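Trainee: All chains should be modelled from the sequences, with the hints used to inform the complete structure.
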Amino acid sequence: MALSFVRIDDRVIHGQLVTRWAKELPCDGIVAIDDEVAADPLLSSVMKGAVSDTKVWLFDIATAIAKLPKVIASDKRYFVIGKSPVTLQRLAQAGIDLTNLNKKINVGPMSSRSNTQVIGPNQSVNPQEIEAFNYLSELGHRIEFRLVPDSSFYTWQDAQKKLN
Amino acid sequence: MIHVILATHGKLAEGLLDSARMVYGELARTSSVSLREEGGIETFKQEFAHEIELRSQQADGILVLCDMQSGTPWNVACCHAFSPDTLRPVAVICGVNFPMLLMSMDYIGDNDVFDVAKTLVRQAAETMCCATPPLAQSDEEF
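Top to bottom, those sequences are chains A and B. Okay, so the first sequence: first residue is 1 according to UniProt numbering, each after it adds one. Okay, so the second sequence: first residue is 1 according to UniProt numbering, each after it adds one.
Worth flagging that the hints you see were computed from the coordinates, not collected in a lab. Values in this document were obtained by computation on a predicted structure and should not be read as measured data. Take the hints with a grain of salt, since some may be wrong.
Here are the computed lysine to aspartate or glutamate pairs in the EDC-like style, where the Cα-Cα straight-line distance is at most 16 Å [said to hold, decoys possible]:
1. A:Lys-55 - B:Glu-38
2. A:Lys-67 - A:Glu-24
3. B:Lys-11 - B:Glu-38
4. A:Lys-55 - A:Asp-28
5. A:Lys-103 - A:Glu-144
6. A:Lys-104 - A:Asp-75
7. A:Lys-70 - B:Glu-141
8. A:Lys-23 - B:Glu-141
9. A:Lys-103 - A:Glu-24
10. A:Lys-76 - B:Glu-141
11. A:Lys-67 - B:Glu-141
Mentor: Here is the structure:
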């Protein structure tokens with residue numbers, strides 16, 4: 001098992017915050033996944049520059065599905081960050097095993113948008129994301145909403161109680 | 001355990017706390033005192049003294065993050081730091097920025113506030129940098 005941490009973060013790569021998680025968990029590199037960022041070479045290069053001393057790959061979902069088995073088979077320890085729960089749902093549907101050393105899927109910021117409900121500080125979900133969280137949860141993944149390693153957290157089960 | 005007090009001119013301290021809530025969530029053991037035009041130096045002195053006294057009851061040391069050396073918040077904080085009557089050790093540093101504030105959370109559980117102050121100044125200095133394009137890397141080696 002080569003994944004040490006799996007996270008959902010709508011900023012994809014956020015320099016200082018990734019660095020904080022990398023202090024807590026082994027990290028030889030970061031695989032970040034988002035179709036939009038991967039299609040934009042300029043934005044990709046800016047995001048890669050956010051983490052200067054760690055290898056970063058930015059893949060679209062299709063490439064991630066092709067490459068992740070190799071990443072998981074590696075002896076090294078990698079972080080996987082998806083832009084949204086829907087990103088991770090697609091990976092799981094394609095047979096990618098998101099089991100990781102942290103034993104859960106961590107969720108960072110999910111900004112409020114039209115059609116979203118607030119479930120916590122800087123954390124909002126739309127109907128498609130709710131469905132994706134349900135899917136990942138039913139696969140047996142523990143889903144924990146926690147911005148940084150030592151902040152307070154709640155689970156998807158707690159979040160569900162806040163939904164209308 | 002230490003307690004962090006942000007002491008700045010105007011709304012900078014509140015602004016930093018507001019920004020921190022966005023990326024980090026609520027910061028533990030952190031509070032702010034602001035020097036305001038309407039209250040002036042005297043009000044600031046009173047508020048700062050009250051804050052130090054209150055927070056000293058539940059901390060081994062107080063770390064004061066000031067915006068600038070030799071400004072009023074700094075001067076007032078140093079009077080407490082250098083006073084023989086201070087209840088708990090008070091360390092004062094200046095040049096607070098957003099990364100420094102977030103990094104201070106790594107040391108909330110520490111006991112020696114002077115050690116924390118030195119480490120934070122060193123680490124925060126590294127957060128000021130120029131943007132450079134990343135080097136190309138091979139996409140195939142995992």
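Trainee: Hint by hint, note whether the structure agrees.
Mentor: Verification of the hints:
Our distance criterion of 16 Å between C-alpha atoms is broken by A:Lys-55 and B:Glu-38, whose separation comes to about 51 Å. With a C-alpha separation of about 25 Å, the suggested pairing of A:Lys-67 with A:Glu-24 is violated against the 16 Å cut-off. This hinted pair checks out: B:Lys-11 and B:Glu-38 have alpha carbons roughly 13 Å apart, not beyond 16 Å. The straight-line distance between the Cα atoms of A:Lys-55 and A:Asp-28 is roughly 7 Å, inside the 16 Å bound, and the hint therefore holds.
Annotation: proposed proximity of A:Lys-103 to A:Glu-144 holds, straight-line Cα distance about 10 Å (limit 16 Å). Between A:Lys-104 and A:Asp-75, the direct Cα distance comes to roughly 20 Å. Violation of the 16 Å bound is thereby established for this hinted pair. With a C-alpha separation of about 9 Å, the suggested pairing of A:Lys-70 with B:Glu-141 holds against the 16 Å cut-off. Note on A:Lys-23 and B:Glu-141: the hinted pairing is violated, with a Cα-Cα distance of about 23 Å set against a maximum of 16 Å.
With a C-alpha separation of about 14 Å, the suggested pair A:Lys-103 and A:Glu-24 falls inside the 16 Å cut-off, and the hint holds. Restraint check for A:Lys-76 and B:Glu-141: satisfied, since their Cα atoms lie roughly 11 Å apart, inside the 16 Å limit. For the hint pairing A:Lys-67 with B:Glu-141, the CA-to-CA distance comes to about 11 Å; that is within 16 Å, so the pair holds.
In terms of the numbered hints stated before, the structure departs from hints 1, 2, 6, 8, listed from lowest to highest.
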